[in-house]
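Asker: Chain B: place on chain A using the hints.
Residue numbers (this note's numbering), protein chains in the order written: chain A, 1 to 438; chain B, 1001 to 1154.
What the hints contain is simulated information worked out from the structure, not anything from laboratory work.
One or more of the hints may lead you astray.
Stated by the list, open to error - Stretch by stretch, here's where chain B covers chain A in the computed footprint (C-beta under 8 Å, at least three residues):
1. 19 to 33
2. 40 to 54
3. 66 to 79
4. 92 to 100
Said to hold, decoys possible - A few chain A residues that don't get close to chain B, going by computed Cβ distances all over 10 Å:
5. E123
6. R128
7. F209
8. G211
9. A224
10. G226
11. C227
12. F317
13. K331
14. L333
15. N336
16. Y344
17. L347
18. V399
In this text the structure is predicted, and so the values were computed from the model without any measurement.
Glycine included, every Cβ here is placed at the ideal spot set by N, Cα and C.
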Amino acid sequence: MDGSWTRVESSLIAQGTQKASLHYEGWLVEKSMLIFQAQPNGGRVNIYWDGQLEQVSLLSSQSSKKFVTKTYKIPISNRLPVLIMGILTIAIALFPLILQLAKINNLATRSFMVPVEKPMRWEKIMRRTIASILTIAVCIIFIGLIILLFSTKEAPPLDVISITKKFNYSVNYFKPEPGEHLIYTISTVALPFLCTGFYLLFTRLLSRFKGNIKIVHLLLTLTATGCVCLLTVAGLSNAKMYMAASSLVLKPYLTLAFCAVIFAAIVVSTKFIGCKRPSVNLLFDYVYFLAGIVLVVLLIMETTFNESEPFIYKGHFIAYFDSVVQVYLGKTLLVNDSAQYGLYALLLKPIFQLIGLSVFNFTLVISILKGLAFMNMLSLLRFATKNRWIAFTGFAAIVFYLRFPIPLDLIKDPYFQYTPHRLFFPRRFYFFVLDLPL
Amino acid sequence: MAGNKKHIFMRGSWKNLIISFLLSTPITAAVYFWFLQPANFISNRYIAAAILLWIVLTAGIFCVLRRIKQRIASIDQKFFVITMLLSIITAFLLGYFVIGIENTPYNLFILPKHSLVIENTSENEDDVIELFTYTRVWQVKVSQNLSWMEAGRE
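For reference, chain A alone in the conformation it holds in the complex:
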């Protein structure tokens, strides 16, 4: 504090033209605020926030408080360790509670996991898991390499006239990406063969491996889990727009309530229903599966609509539907028409030649594909887990996260670019990789 400041009760006062200044160095809160008294004889002050000048006049016809604020952006990375500490503390506090709850309800691990009686079978499963993880890693490296090789360095010129005729959006949204298109095509064509080939190769190699398979399995599983966690965090922090559409974020209390209900259902079903006759168990098995099918039907319903829906004139739907129409009318993709999302229109053309093309027929076909994709997911979870409630919970969580707001509002979904477009084939591939029925 320099100069002629006078302390009066809870304020500092400087009068006239005398030199008076205050210097502070230290931490400042995220939203820092200075409060001055504005008055008819209020003077002027210069405020330097980290050297940045802000001139403030305290002249006012009436006496009032003048607030001068400055916001400092605190990076999320600064809060992350604090959040992790908080999460760990909550976990430590929850641990005895959950343990006690599980013990009271006499939940055994066999309720959750498929029992593995024979050590040989367990070892085989470990080898398969290692082969799967290594296959996924090699496929990711493959995609990375082709991205490096074929990414578009120089964008070709835009077909501005054609684009502005079709869409009301900025032409920048329609930049041709031939390199990316090539990457997509190569990946789609090559990945099934690569997956199968590398999986077989790694399985063979691992069958000759004489070392301690448990340690390799543990290390690889931990590494893969770490990578998935990192990717999830990166996805959560970079995909705010898509996250905003999810009820999981918008209605966290309802999400927790949903989790609590499902958890209670698991506990109750394991404790009480497990004791009943096999026929009752079988019935409940089908009840869970039927509940999953109901969700799939809801998904199909929200995808099927006709020309009366106003959003068919909007960008997402047009961008996906247009190439189907052009191909149906006789154009050929990559020759005299382009498609933003690939060559799916060529695959769908025979279907529409049989049933005719309209918005309703198109959305019906898409909804069937979407339903199949989700059915694959439901079946996968059902066959891979012993407890059907857990299978249903996993499936319900995926559906809930992807689509349904709460309270349930079956708004129509005109966005096919993710489901079924990007999810249909990967979900079919699960069955090849996991060697499951279907």
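Answerer: Just chain B now, kept in the frame of chain A:
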């Protein structure tokens, strides 16, 4: 049998002590950052309180572990791991989605320091500069409530 396997808790008291330290560390850190840390200065008094809490917690957890070690040992190891995973998942859901990263307090220790200078530049002898202060040293008032701030603005 997996159920009769010895836990880490049963393998000697010095390990109990390490586990007590490990368990009490995040709890103490969380208590400090969430409840004790002042908004814009590091208080030695609160740090001392946190260290005291750390010691007390470590001692407490150590005693509890010794008392319940037989009970812990009777728990199936797989069961133990699954419960641990469930706790972490539930805590993550609570922490990330209910509390949220935006509402998490920041770590003052790793924040950069700032400088603030206020200069009187009045041109008339009658002009007055009055800055409100709230502690014995002049201080920037902390306000997390932006709406109140906006309402108070001229």
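Asker: Hint by hint, say whether it matches the structure.
Answerer: Verification of the supplied hints:
no.	hint	verdict
1	19 to 33	holds (count 15)
2	40 to 54	holds (count 11)
3	66 to 79	holds (count 8)
4	92 to 100	holds (count 5)
5	E123	holds (16 Å)
6	R128	holds (20 Å)
7	F209	holds (25 Å)
8	G211	holds (23 Å)
9	A224	holds (15 Å)
10	G226	holds (14 Å)
11	C227	holds (17 Å)
12	F317	holds (31 Å)
13	K331	holds (47 Å)
14	L333	holds (42 Å)
15	N336	holds (49 Å)
16	Y344	holds (35 Å)
17	L347	holds (39 Å)
18	V399	holds (18 Å)
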